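Please build the complex by placing chain B with the ligand on the supplied structure of chain A, with the hints as guidance.
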Amino acid sequence: MQLTLEFGGGLELLCDSVKVHNVKVDMPKGAEKLIMKDLLGWVRTNLIKERPEMFMKGDTVRPGVLVLVNDCDWELSGQLDTTLEEKDVVVFISTLHGG
Amino acid sequence: MEPNGHDEASRILHELQSLKATKSDIDRRISALESQLRHLNLQNGTVPNPITAAHHDLTPEMIHRYSRHLLLPSFGVKAQSNLINSSILVVGAGGLGSPALLYLAACGAGRLGIVDHDVVELNNMHRQVIHTEVFIGQPKVKSAATTCRSINSSVQIVEHHEALRTSNALEIFNQYDVIVDATDNAPSRYMISDCCVLLGKPLVSGAALGLEGQLTVYNYNGGPCYRCLFPTPPPTAACQRCADSGVLGVVPGIIGCLQALEAIKIASAVGEPLSGRMLLFDALAARIRIVKIRGRSPQCEACGENATFTQQQFREFDYEKFTQSPLTPSPLKLELLQSDSRISSKEYHDRVANGEAHVLVDVRPAHHFKIVSLPKSLNIPLPSLEARLPEISSALKEEEERNGSSSAKLYVICRRGNDSQRAVQNLHKLGFTSARDIVGGLESWAHDVDSNFPTY
Ligand SMILES: [Zn+2]
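Chains as they are written, first to last, in the UniProt record's numbering: chain A, 1 to 99; chain B, 1 to 456.
Just chain A, same shape as in the assembly:
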């Protein structure tokens, strides 16, 4: 499945400072769909190059990270259970505190 993944608010530093990743992610063996829980594992294995604890805590993202699926907070689409579709855009953004 073709997806666009974007990192911002400093999270891009965890993946070689690259903000936009066009990737192809396969569905888990035997599964009929790809959900956000699967994608997080995939990102952690394939894109995060350092300090994975700055991206994930337990089986979800760490506190202070907003996840947006097609410009919409993943809380509104089922969080880890959100089903992904072909060409979806998933944004991971760390909240900023500076001013």
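If you are wondering where the hints come from, they were derived from the structure by calculation, not from laboratory data.
Don't take every hint at face value.
[What the hints assert, rightly or not] Subject to a maximum C-alpha distance of 35 Å in a straight line, what follows is the list of computed DSBU-like cross-link-like pairs (lysine-lysine):
no., chain 1, residue 1, chain 2, residue 2
1, B, 265, A, 49
2, A, 57, A, 33
3, B, 370, B, 397
4, B, 321, B, 201
5, A, 49, A, 29
6, A, 33, B, 292
7, B, 292, A, 87
8, B, 201, A, 29
9, A, 19, A, 87
10, A, 24, B, 292
11, A, 19, B, 292
12, B, 397, A, 19
If you're wondering where the values come from, they're calculated on a predicted model, not measured in any experiment.
The following block gives chain B with the ligand in isolation, referenced to the frame of chain A:
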């Protein structure tokens, strides 16, 4: 005898300083008198005039000043009157607060409060555009208030020259209709949001760092509060500061202007404030994305259905402990090493002057090293220290050969003296047992040895 050039320079500097202080004092007196005069004129101007009687309370001077607002069909007299009767509080007169305050003063908000405890510094001025050079060293609140009054003397400017704390936040917020969060740290953001929830005040929240900015309106029209979105604070390692990571000046400028816009919309009751949505600004990519965020969370500890958070609990809540970071961030000062593994910058200076055989390793990131460095220092950024040990070994050997000594010393320096301690700890473990760090880093060099050495 020729006058000593150094004495002459310091006399001029001294005179400049005293003239600048006198000038800023005169400026202040002028703006206070102007404001007084304007106030008297306004009082006289409010006598009803049967010929120009209209269905609003705008004075002739206001009509002239805000005419371009009044000409907007979607804004007009009604919204401007709302604005003039509103009060807005801006917490923080820094990178975000500066442009926000400029526009809020200019647009005619009735009462404008400013909270800040800090003083103006030279390294603020690239982004904190409300402050001018004469105010360096003076309170930001005073500087910002002076500029606001000089833009619009009909606005009542209130100076809260204090750090926002749980002990004063409720009393201060109570005096305003709209709160603008222009602070720069996590504990302040939680504290401000909780206080707004307790008092039912809309909160315009902005943040900027590096080349990115974020903006949303909390606690408004059924929208979420800060805790609905971030119930658990982030790890402290995820809270970068402009003083460490840098920020392009215009980026908080843009977010601060947008904060002024949202505050104006709420105060004047026009348009659709950015509630339940968040604006994400990426300056490098030239992209603004507006995303839909969750609504008020029923489980939220501050604003949820069963929330029991009271004003008394707020007063006693320890936001620094909750977020594991200080409300008024100051540079970290680690003490990792025994004193015999450290030397002062002065002592290092003396040893160099005595021709001691040594190697100085600077463990700052390469882009810091490019700003300024000590002569003959070897830049090996901390993360690559272990991989580049051979370079240190060969530098020591070379120095011994050059100097004809049997053992060259190894010193480590960084910006403020924290990373240098971490590096020396590692070096000790890796066999360089005599490595020592320079206490206080390059900042102490500038402070104690060479006052012309640039700090950043
Ligand atoms: Zn809430």
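Practice task
Against the earlier hints, flag every one the structure doesn't satisfy and list their numbers going up.
Solution key: Numbers 1, 8 and 12 - these are the hints that the structure violates, sorted from lowest upward.
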